[in-house]
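Note that the sequence shown covers residues 1 to 332 in the UniProt record's numbering.
Calculated from the structure, these hints are not laboratory results.
Heads up, the beta-carbon is just placed ideally off N, CA and C, and yes, glycines get one too.
Hints are not guaranteed to be accurate.
[Claimed, not checked] FRET-style restraints, in silico, Cβ to Cβ: (1) Ile157 with Phe244: 17 to 23 Å; (2) Glu281 with Ala160: 49 to 55 Å; (3) Pro213 with Ile157: 17 to 23 Å; (4) Glu281 with Val308: 38 to 44 Å.
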Amino acid sequence: MPPVTERTSSLELPCQDGCVNVSIVVPIFNEEGNVGEFVECVFAALTPTSRAFELIVVDDGSRDASGEMLLRLAAERPWLRPVRLVRNYGQSSALQAGFDRVRGRYVVTLDGDMQNDPFDIPAMLDRLDSDAGIDVISGWREHRQDKALSRRLPSYIANALISRVTGVQLNDYGCALKAYRREVIDRIRLYGELHRFIPSLARDVGARIAEMPVRHHARTHGVSKYGIDRTFRVVLDLMLIVFFMRYRQRPLHAFGGLGLWLAALGVAILSWLGLLKLLGEHIAGRPLLTVGVLLLVVGVQLVVAGLVGELLSRIYHEGRGGAQYHVRDTRN
Numbered sequence: 001m002p003p004v005t006e007r008t009s010s011l012e013l014p015c016q017d018g019c020v021n022v023s024i025v026v027p028i029f030n031e032e033g034n035v036g037e038f039v040e041c042v043f044a045a046l047t048p049t050s051r052a053f054e055l056i057v058v059d060d061g062s063r064d065a066s067g068e069m070l071l072r073l074a075a076e077r078p079w080l081r082p083v084r085l086v087r088n089y090g091q092s093s094a095l096q097a098g099f100d101r102v103r104g105r106y107v108v109t110l111d112g113d114m115q116n117d118p119f120d121i122p123a124m125l126d127r128l129d130s131d132a133g134i135d136v137i138s139g140w141r142e143h144r145q146d147k148a149l150s151r152r153l154p155s156y157i158a159n160a161l162i163s164r165v166t167g168v169q170l171n172d173y174g175c176a177l178k179a180y181r182r183e184v185i186d187r188i189r190l191y192g193e194l195h196r197f198i199p200s201l202a203r204d205v206g207a208r209i210a211e212m213p214v215r216h217h218a219r220t221h222g223v224s225k226y227g228i229d230r231t232f233r234v235v236l237d238l239m240l241i242v243f244f245m246r247y248r249q250r251p252l253h254a255f256g257g258l259g260l261w262l263a264a265l266g267v268a269i270l271s272w273l274g275l276l277k278l279l280g281e282h283i284a285g286r287p288l289l290t291v292g293v294l295l296l297v298v299g300v301q302l303v304v305a306g307l308v309g310e311l312l313s314r315i316y317h318e319g320r321g322g323a324q325y326h327v328r329d330t331r332n
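Can you build the whole structure from these sequences, using the hints too?
Next comes the structure, spelled out in structure tokens:
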């Protein structure tokens with residue numbers, strides 16, 4: 001990582017509404033050993049670009065001195081905007097807290113543990129400036145410095161799963177260093193643990209995504225918050241994101257389609273048993289009768305669930321005015 005320059009009077013760079021070019025959003029949790037160096041490094045990386053920037057650091061309920069250090073640093077750095085959450089909500093909620101406060105034309109995210117390199121940010125911003133066909137640039141840690149199998153193996157499995165299921169092919173979904181056009185961030189909302197799927201959510205709202213190799217450094221302070229158990233959570237979240245992307249605006253097709261197949265199978269079984277009954281056979285003790293009734297009842301329930309989902313979707317889009325589409329541009 002390039003050396004951090006000494007602080008100068010330009011620490012007081014103005015960041016008024018309307019002039020901010022880049023908003024950098026960083027969630028942290030128990031990073032007191034890194035936060036001071038990280039803030040200085042971001043300043044050293046962005047100052048030579050002459051871009052007006054703001055650094056929004058979201059303290060996600062840290063139990064160490066991270067929050068107090070941020071407040072001290074922000075006292076003489078107007079471009080540093082700490083956001084302290086009352087408790088630990090998780091990375092997705094922390095990112096959303098930062099997204100709700102951005103003012104820049106571009107939004108950049110990265111981790112505050114000094115493993116991502118802030119000096120990669122200018123190149124990502126230059127590419128967004130020069131290529132109007134790209135809305136999101138996702139970092140790719142081509143040469144990862146994580147040696148532990150508990151971090152590399154879950155990452156490999158997660159990248160393969162998410163790319164295959166969502167259709168958004170990326171080598172490194174787990175890299176926090178990403179750059180977005182502001183309108184993409186304004187169109188998505190994060191909750192739960194959807195931060196892993198931001199590129200997929202961005203593609204769902206029409207964003208065009210590219211990948212760029214970035215540097216990666218070994219952690220020198222603090223401890224990692226990830227482990228092998230993350231792989232299992234990814235699988236569960238992946239089920240949610242697939243449903244969200246494919247059936248958010250047509251839940252009846254998801255529930256109703258499965259319900260009709262089950263109900264049709266149940267009706268076929270009961271019809272066959274009814275025919276046997278008419279022919280004089282005894283059917284009361286047959287397990288197939290229970291299966292037929294169960295399939296019919298479950299199928300009807302799924303269809304009803306799909307109809308309820310459609311009603312909720314209409315309430316959301318019509319009652320609250322939530323748009324079902326996003327416009328890239330218009331003419332005349």
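Do the hints match the structure? See the list:
For Ile157 paired with Phe244, a C-beta distance near 21 Å keeps the hint of 17 to 23 Å intact. Restraint check, Glu281 to Ala160: a C-beta distance of roughly 53 Å satisfies the suggested window 49 to 55 Å. Distance hint check: the CB atoms of Pro213 and Ile157 are about 21 Å apart, consistent with the given range 17 to 23 Å. In this structure, Glu281 and Val308 meet the distance hint of 38 to 44 Å, their C-beta atoms being roughly 39 Å apart.
Checked against the numbered hints above, the structure breaks none of them.
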